[in-house]
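Protein chains in written order, with the numbering used here: chain A, 1 to 501; chain B, 502 to 790.
Derived by calculation from the structure, the hints in this document are not laboratory data. Check each hint, because a few of them may be wrong.
Quick look at which bits of chain B chain A covers, simulated, 3 or more residues with Cβ under 8 Å [stated by the list, open to error]:
1) 621-632
2) 635-649
3) 740-750
Just a few of them, taken from the derived set where beta-carbon distance is under 8 Å, the chain B residues facing chain A [unchecked claim]:
4) S735
5) N737
6) G787
From the three backbone atoms N, C-alpha and C, an ideal C-beta is built for every residue, glycine too.
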Amino acid sequence: MNVQAPDRAPATHAAEGVLRSDVQAVNSANRRTLYKAREPIYPKAVHGTFRKVKWAVMTALLAIYYIVPFLRWDRGIGKPDQAVLVDLDRTRFYFFWIELWPQEVYFIAGLLIAGALALFLFTALFGRVWCGYACPQTVWTDLYIAVEHWIEGDRNQRIRLTKEPWTAKKVAKRVSKHTVWLLIAVATGGAWVLYFYDAPTFVVEFFTGEAPFMGYVFVGILTFTTYSLAGFMREQVCTYMCPWPRIQAAMVDSESISVTYLKARGEPRGPHKKGSSWDGRGDCIDCNQCVAACPMGIDIRDGDQLECINCGLCIDACDEVMDKIDRPRGLIAYDSHENVARRRAGKAPRFRFLRTRTMFYAVVLGAVGTAMLIALLSRAPIDLNVIRDRNPVFVRLSNGDIRNAYTVKVMNRTDAAMQVKVDVLGLPGAVVREAGGPADAPAGDILISVNADEIRSVRVLVTIPQAAATDPSLPCTVTVTDLKTGVSTLNETAFMTGAEK
Amino acid sequence: MSKNREKDDVSGVETTGHEWDGIRELDNPLPRWWLYIFYATVVWSIGYWVVMPAWPLVNDYTRGVLGHSQRLDVDAAIASLKEGRSALGEKLAKATPQEIEADPELQQAALAWGRSAFGDNCATCHGGGGGGNVGYPNLNDDIWLWGGTLDDIRHTLKVGIRSTHPETRLSAMPAYGRDELLEPGQIRDLAEYVLNLSGKSTDAEAVARAAPLFVDNCAACHGEDGKGLREFGSPNLTDADWLYGGDKDTIIETITNARNGVMPTWEGRLDAPTINALAVYVHSLGGGE
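Given these sequences and hints, build the entire structure.
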């Protein structure tokens with residue numbers, strides 16, 4: 001295996017006080033071949049603005065992930081008091097004050113569409129910031145690298161440890177690292193399952209061995225994926241497995257922000273001797289700190305690359321060096337292709353966030369968000385689903401009258417049982433009655449009671465006189481009215497007559 | 502072949518040494534993940550041979566240490582289904598269809614049970630929704646040759662129509678043409694007469710000629726007014742519904758050869774709760790009396 005040489009050999013300085021990393025980018029374009037084993041990457045710890053942002057984002061996201069299942073929300077007796085819960089037994093999704101039925105899965109679809117559009121917008125504006133800061137793969141890999149750093153030390157120590165023979169010390173370090181990794185992995189899988197069960201109950205049952213079997217299965221699956229994806233696969237997930245890096249190429253343009261090495265300022269690069277002039281040479285002292293820091297194993301000085309996740313750790317690494325050698329920061333910076341071109345043309349760089357592309361994404365995102373909000377706010381306490389019988393499509397009675405049958409499903413979303421009246425409107429001369437209902441009930445009066453939080457289904461027979469069957473299809477409306485509140489819900493449907501056009 | 506192996510200049514990879522119409526192939530290694538999965542499946546298959554039924558022998562097969570058998574699984578599943586249904590089945594068997602219909606819980610259960618039994622046994626002829634077919638009555642409408650009450654439907658289910666059951670519902674319309682009971686001209690006149698019963702005739706003379714023929718040959722079963730009689734299962738000739746078709750040619754065909762459709766008996770084939778459930782289900786389709 002081609003293990004990278006440790007930094008100290010050969011011990012050269014890139015500049016006064018800056019050690020040169022003898023490192024080659026694992027995934028640089030000119031070393032890339034098909035068919036080769038993964039070369040491990042040993043990212044060097046950096047300090048700086050973007051590292052701090054990454055810590056903050058990671059902390060916030062992990063906190064949300066682990067704390068949310070334990071939030072409580074009182075919904076009254078007989079209902080779960082977990083604020084966010086996918087209740088598979090009752091087929092309900094609870095989100096604080098919202099309770100969604102499986103019939104309303106379009107809200108989830110809308111949420112996914114809005115999420116995709118938000119990703120489009122952010123990618124068009126800031127490049128792959130999702131990948132670099134918020135993606136679970138990045139967050140957990142970062143966490144695993146932090147554990148690695150804590151137990152085995154920084155880059156050079158880790159490389160040395162890999163090369164060392166298997167001493168007791170090495171075994172101890174490796175065992176503790178993998179133990180902590182596995183604990184994190186179990187906690188990751190465990191927390192996921194908590195969104196599907198009552199969290200405090202499940203935590204207790206999990207350890208006493210009383211939790212549902214499927215709970216253990218899913219904790220096991222997610223433990224495995226977390227451990228292997230964040231511990232071993234890491235950057236390969238982004239480079240080989242994830243489709244998003246390919247798709248987002250369609251969302252960025254020359255004004256999108258991406259991590260950029262300012263070639264014009266940096267080149268020609270080379271080690272710098274203390275006291276010598278900076279004239280006629282670039283600011284890059286070729287110390288390779290940006291390469292050593294990169295978790296994706298690339299050299300950002302080669303330009304934009306497929307692997308780059310826009311995380312900015314190379315910016316922090318370079319800024320640290322620039323401070324030491326007393327040159328201005330920002331040799332590597334979040335910048336755009338447009339600005340590189342503008343500088344070359346002698347114009348001042350600028351960021352333009354209001355572009356046709358970004359405005360289009362924003363408008364569509366706004367529209368989807370508004371539509372969902374309106375749909376959510378206007379949810380009726382009764383929902384109605386009318387399914388017309390298709391087999392047979394219509395029935396001709398002995399006297400020539402035409403009858404259609406409809407299955408009317410009434411959903412009661414309130415907490416109290418309700419009495420509702422089902423009507424069919426828009427068909428002159430129609431006689432409406434309940435199939436299989438009391439034979440002595442007068443036609444047209446279909447009264448049913450629907451229990452709280454339940455669906456009641458009733459089959460309704462609608463008969464129209466032969467003379468009224470003028471069109472193959474007649475529009476009609478099924479209404480359901482809550483007798484107590486008078487609130488009614490309607491559903492447009494059609495009456496099939498079998499008449500020729 | 503392998504003596505033809507050579508190094509490709511562009512990729513630096515050896516070729517396989519084969520050549521087809523001037524096309525050579527690079528001998529790239531298999532992707533590792535693929536190879537590992539392949540090895541894993543090989544190992545898996547060996548374990549599978551041990552624990553699962555695998556190799557055919559002359560009169561038998563290797564059964565595997567788990568003793569797995571899909572036939573036994575199906576038997577067990579059916580047994581457990583029967584057991585799970587037994588309480589409900591007992592209730593459905595004991596109750597009259599009227600009692601079932603009056604009890605909302607039992608009615609829902611009967612409808613579900615009946616719907617599935619209908620799909621398995623009845624839908625072949627009557628259609629998935631009981632919509633019928635030419636020669637097979639629509640069970641959704643208000644036309645019942647042998648009666649549409651719960652008891653009538655249950656009885657029809659039990660004994661069938663012109664079936665092998667000793668108490669089957671039975672009637673037979675003569676084949677007036679085939680058996681030369683009537684002349685072809687008389688049959689044509691009778692067809693006009695039948696059309697006239699629902700006001701569709703265009704030949705008043707033929708109708709007049711056929712009036713005595715109808716009284717002599719048809720009225721005994723179909724009634725003087727042609728409205729049919731339930732005790733014979735004879736259809737109403739005056740309504741809008743035609744089991745085999747209401748145009749003149751079809752009516753002539755019916756009179757000439759007769760129809761005498763058959764429904765099998767279900768007693769003995771279906772158990773008591775299923776027949777009760779089917780009666781309630783068919784009754785609920787919309788035409789129940």
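These are the hints, each one checked on the structure:
{"no.": "1", "hint": "621-632", "result": "holds (count 5)"}
{"no.": "2", "hint": "635-649", "result": "holds (count 5)"}
{"no.": "3", "hint": "740-750", "result": "holds (count 3)"}
{"no.": "4", "hint": "S735", "result": "violated, 14 Å"}
{"no.": "5", "hint": "N737", "result": "holds, 7 Å"}
{"no.": "6", "hint": "G787", "result": "holds, 5 Å"}
Of the numbered hints stated above, the single one contradicted by the structure is hint 4.
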